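Quick mapping for you: the protein sequence lines, in order, are chains R and F.
Just so we're aligned, residue 1 is where the first sequence starts under my numbering, counting upward by one.
Just so we're aligned, residue 1 is where the second sequence starts under my numbering, counting upward by one.
By construction, these hints were calculated from the structure, which means they are not laboratory data.
None of these values were measured; they are calculated from a predicted model.
Careful, some of the hints might be misleading.
Some residues of chain F that are not near chain R, with every Cβ distance over 12 Å (derived) [stated by the list, open to error]:
id: 1; residue: Met1
id: 2; residue: Asp115
id: 3; residue: Lys147
id: 4; residue: Cys222
Listed next, with one range per pair, are the computed distances between beta-carbon atoms [claimed, not checked]:
id: 5; chain 1: R; residue 1: Pro208; chain 2: F; residue 2: Arg200; range: 51 to 57 Å
id: 6; chain 1: R; residue 1: Thr93; chain 2: F; residue 2: Asp212; range: 49 to 55 Å
id: 7; chain 1: R; residue 1: Val59; chain 2: F; residue 2: His21; range: 34 to 40 Å
Beta carbons: idealized from backbone N, C-alpha and C, even for Gly.
Chain by chain, the residues:
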Amino acid sequence: MSTLVYNESPLSPADAIRSEIILAGDGWFQPVKKDQTLRIVDLEGNQAADTFFFNADDVTERYSAQDTIREQGAIYITTGTKLMSNHCRPMLTITADTCGRHDTLGGACASESNMVRYALDKRFMHACRDTFLLQMVLSGYPVTKRDLAHNINFFMNVPVTPEGGLKFEDGVSEPGKYVEMKAEVDVLCLISNCPQLNNPCNAYNPTPIQVLVWN
Amino acid sequence: MTLFTETLPPGAMWSIRIPRHRTVRFTALAAGANLSALLFNAVQPLDRLNVPDTLKALHTAKLTRGHVLMSDMGRALASITEDTLGWHDPLGGHINAAQVAAKFGEQTYQDAHNDWHRNARDNFLIELAKHGLGLRDIVANINFFSKVVVAEDGRMAYVAEHCPAAAVIELRTEIDVLFVLANCPHPLAPSGKYPKVPVRIDILSSEPGGSDDFCRNFRPECGRALALAERLYL
């Protein structure tokens with residue numbers, strides 16, 4: 001998928017079996033069963049939702065950005081995109097998208113990468129990878145840092161130029177924009193609601209997101 | 001001074017631990033090379049090449065001279081000190097057995113002995129196993145000598161005939177690095193005949209990049225990743 005395939009969902013929040021708010025800087029690590037639908041809502045706009053998936057039955061199978069973008073022949077994901085695993089198998093399919101720009105290349109912010117990107121004294125700012133690590137440790141699932149490859153940044157705008165440049169631009173997302181995906185296998189969904197304050201991925205103002213799940 | 005030379009035949013894999021401040025020169029011995037690579041901190045392989053951290057620090061979707069390959073711990077693993085091509089691919093990933101069979105036809109060891117059609121995934125797994133590593137350690141890789149462009153609308157296109165014979169890329173190791181290499185076709189290479197391009201690897205003695213080093217000064221992010229690498233050796 002190359003550009004936005006705008007598609008609204010017929011699902012009603014009233015029918016969701018799970019609905020939770022994730023504050024900026026917090027995490028969420030929960031199972032989503034095969035054929036269940038997961039929606040992530042950018043409640044206030046311009047927020048990055050760092051999201052990663054494991055196969056619940058075998059956590060060594062996990063979301064792979066390189067396999068996902070290569071197999072669909074495009075770096076942006078939208079309605080119709082199959083999120084592929086490191087075994088090149090579909091894990092989830094995006095079924096609705098009202099935002100149209102989600103990043104597959106930038107991965108999660110980390111205290112260490114903040115030091116490289118901004119200044120060596122940025123070590124002690126909160127970062128997504130720390131949220132991921134804490135969620136993994138506390139979950140009881142058999143996953144550690146070793147199992148963490150790079151994630152999707154829903155609602156984040158990282159355009160690539162034909163000359164091979166990569167830019168971080170203001171998000172195109174707005175309050176209430178959402179992306180929805182159906183699980184093709186039982187997955188574990190790991191989310192960090194990005195606390196980044198150093199670049200425009202959250203418009204310098206990290207805000208809450210909502211996660212809903214339907215049977 | 002050249003310390004050691006090895007030539008990877010087509011389809012071959014290798015892993016080698018290189019101390020810091022050596023130059024690793026890869027040379028395409030014919031046109032159309034692709035060398036898939038993973039890099040690890042040789043002392044603590046949980047600290048490993050992180051392609052997204054590298055790309056976002058450098059604001060690039062390609063790799064070339066001046067760029068510093070970074071780990072997820074913010075450390076410079078290796079700096080690209082020479083490059084005759086101007087573009088090496090960090091996006092396309094690596095090829096697996098099913099993709100090799102679909103593109104180039106299955107050619108088993110039974111059929112062809114060491115001319116069989118090997119794939120990068122299995123090659124990585126074999127070499128990683130020699131270091132106590134495995135599937136969990138296969139994160140995004142880079143493909144030396146290959147070019148994948150991205151159009152404004154996000155579509156990806158493999159550029160055939162990007163790599164001429166004798167193309168060279170040189171890396172200077174900035175910490176002790178474990179290289180895991182697979183000389184296998186790019187997963188977006190055109191179907192047809194399995195590419196048969198040997199790649200020569202020369203290990204040379206080198207000097208640390210000083211304050212006037214091209215890579216250190218390429219972007220401030222490069223200098224900071226090098227500073228974090230140097231802190232490993234306090």
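Structure-based check of each hint:
Look at Met1(F): its CB is around 32 Å from the nearest CB on chain R, clear of 12 Å, so calling it non-interface holds up. Even its closest Cβ contact with chain R, about 25 Å, leaves Asp115(F) beyond 12 Å, as expected for a residue assigned away from the interface. At the 12 Å boundary, the C-beta of Lys147(F) falls inside the reach of chain R, the nearest C-beta of that chain being 9 Å off. Not every C-beta of chain R lies more than 12 Å from that of Cys222(F), the closest at about 9 Å, which undercuts listing it as non-interface.
For Pro208(R) and Arg200(F), the Cβ-Cβ distance of about 55 Å falls inside the hinted range of 51 to 57 Å, so the restraint holds. At about 52 Å, the CB distance of Thr93(R) to Asp212(F) agrees with the hint of 49 to 55 Å. A C-beta distance of roughly 38 Å is found between Val59(R) and His21(F), which places it inside the suggested range of 34 to 40 Å.
Hint check: violations occur at hints 3, 4; the rest are consistent with the structure.
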